[in-house]
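S.K.: So the chains spell out like this:
Number of protein chains: 2
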Amino acid sequence: MKQINIGLLGLGNIGTGSYKTLEMNGGHIRDVVGLDLIVTRILEKDVDRKRDITVSRGIFTQDPDEIWNDPDIDVVVELLGGIEPATSFMIAAMNRGKHVVTANKAAVAANYEALTDAAARNRVMFRFEAAVGGGIPILNALTTALSANEYEEIMGILNGTTNYILTKMSEEDLPYADALREAQENGFAEADPTADVEGEDVANKLSILMSLVFGKRVRPEDIPTEGITKITKADIEGAKADGCVIKLLASAFKRGDEITCFIQPTMLNRSHPLASVGNEFNAIFVKGNAVDDLMFYGKGAGPLPTGSAVLGDVIEIGRAIAKGAAFDLNET
Amino acid sequence: MKQINIGLLGLGNIGTGSYKTLEMNGGHIRDVVGLDLIVTRILEKDVDRKRDITVSRGIFTQDPDEIWNDPDIDVVVELLGGIEPATSFMIAAMNRGKHVVTANKAAVAANYEALTDAAARNRVMFRFEAAVGGGIPILNALTTALSANEYEEIMGILNGTTNYILTKMSEEDLPYADALREAQENGFAEADPTADVEGEDVANKLSILMSLVFGKRVRPEDIPTEGITKITKADIEGAKADGCVIKLLASAFKRGDEITCFIQPTMLNRSHPLASVGNEFNAIFVKGNAVDDLMFYGKGAGPLPTGSAVLGDVIEIGRAIAKGAAFDLNET
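One line per chain: the protein sequences are A and B, in this order. With the numbering used here, the residue at position 257 of the first sequence is 257, and numbering never jumps. With the numbering used here, the residue at position 79 of the second sequence is 79, and numbering never jumps.
Warning: the hint list may mix true and false statements.
For lysine-lysine, the following DSSO-like pairs were computed, each having C-alpha atoms within a straight-line distance of at most 27 Å [claimed, not checked]: (1) B:K254 x B:K216; (2) A:K216 x B:K323; (3) A:K254 x A:K287; (4) A:K240 x B:K240; (5) B:K2 x A:K323; (6) B:K287 x A:K287; (7) B:K254 x A:K20; (8) B:K323 x A:K2; (9) B:K20 x A:K287; (10) A:K45 x A:K20; (11) A:K216 x B:K2; (12) B:K240 x B:K230; (13) A:K254 x B:K20; (14) A:K2 x B:K216; (15) A:K2 x A:K20; (16) B:K254 x B:K287; (17) B:K287 x A:K20; (18) A:K323 x B:K216; (19) A:K323 x B:K323.
To give an idea of the chain B side of the interface with chain A (calculated C-beta under 7 Å), a few residues [as the list claims (entries may be wrong)]: (20) N25; (21) P137; (22) N140; (23) L146; (24) S147; (25) A148; (26) S276; (27) A290; (28) F296; (29) Y297; (30) L311; (31) G312; (32) K323.
Rather than coming from a laboratory, the hints here were simulated on the basis of the structure. Glycine residues also receive a C-beta, built at the ideal position from the N, C-alpha and C atoms.
Chain A with its partners taken away, still in its complex shape (with noise of 0.2 Å):
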């Protein structure tokens, strides 16, 4: 049994799912992978906030460096959120030697350089699963299993907030206001939707993932991008009409050596695998030369599934740490 020492940088929402996660599943990881995980350190203003979990307030701190200098710490795990503090945290712990575990879309996405170079540079290992698609396994699939092929197209529902307005424009004929309050009372789109119904959110996911399948760095502000906020009654029903859906698609797809890539509001017949995505659910299409279509469909956000995807992180990493072969090998 090898234990593994997190610190956890912000216990907020997605920290406190984390957490929770392993409050919640730690003794199955024992048991069946042989790794034992434990938060020693978390990073956190707020100490008494509530939170449905059992946490030692000796553990808090609120000075970073504690967990950077603690030498018996393996894995930082980042869940700030934003662009900074959070890069510079990140690399300051790889700078220290500790393995690096985020879900923080927006800074992978504007510091993507920065930030692996500063793994390779110290072997350490740097994941960022839960930073696209939420629970749904994509970055590992498409950095492992599938490393086989040369990918030619990826294409997704990135954003469960957009397509939960959507579905309701769709199925309840709501004009596009009235689904989106709806959407902020159900939890699913925040007081300022903009990052969300503007298409920045997944304009981070896309250029995440097309870093990994071509190799390719597009920074997110290059990506042409159209939101859903002029989508109208009428369009959802002329899409109707066509037997197609409207959905918020994000693409990229190569031909020779050009990438194309766009996000934009697109009609999708209804027999196609991603019309069927409804809600907050997300889905990613992606097409190999050898193995051709495959679709990953799941719950793109919320606190336990991306606790699911941090932790499988960090469970690679405790993997790797027991065997010895911590550092990447051209996996990113």
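Assemble chain B onto chain A, guided by the hints.
M.R.: For chain B alone, coordinates are given in the frame of chain A:
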């Protein structure tokens, strides 16, 4: 650049597909993964068959010992099919320190303990992604990125032949016998379709899945299994009238310590994610206690999709060899 030498057992349909996948993508794998995969020896009697691949005649052998005794071979890829001599060959290879990859569901399902024990005893890796779901990377996902979950349920369309027949019966209003004939004419069913249409092939796959998902060994012959031969046009029409489709589903779920499993034609509401999986496609639905519902969809058979899975396994072994860590750590 690390060279990985492969001894290939069998150059039939799937063996040729895997060879072709490597011919097509070997350069890409060198560039992206940093591994040079080379087939250095092939056990195959039929040297002269037209295969549309370039193989040097000098690497053929009819003596399997030549493969086990070759100190330069790192990985043995078993694509003979059938329980024997495939099982004995795989164990002999592991006993000589070779890592083993197979696509052989019949052998893995029949001899799961003997094969995994041989791998553990010899500290070699044993991988069989292609045995379940063809190109769909389900086994890798279940044992790596998703391993922070306790699994509650797994359900799948695991056989392309029967799904093709049921799709034709439903979409073209064909009786069973005509749909079977069409499947045979289009290469989706064998001349003797028994193993597919009676559910034996699915039972092998469900047995393997249960070993990985629940850590519970259920022999394929102990899974209650009903095939599709008794499905009539009236059944299909009745399902349609209720807004349903009939699919041959393999199901296993856990309540407390009890695992229930069965294979049978099942009515699925059209809104179920598995209902829209048509023709020769496969899909696997899994529910974890953190990640919730997930579905994986893709081509469950065919030379290149199977080649994708086989080479994915070889690459994972090659990466571990390159890191000096090529042994399993509770991964099966």
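S.K.: Going back to the hint list, which numbers does this structure go against?
M.R.: none
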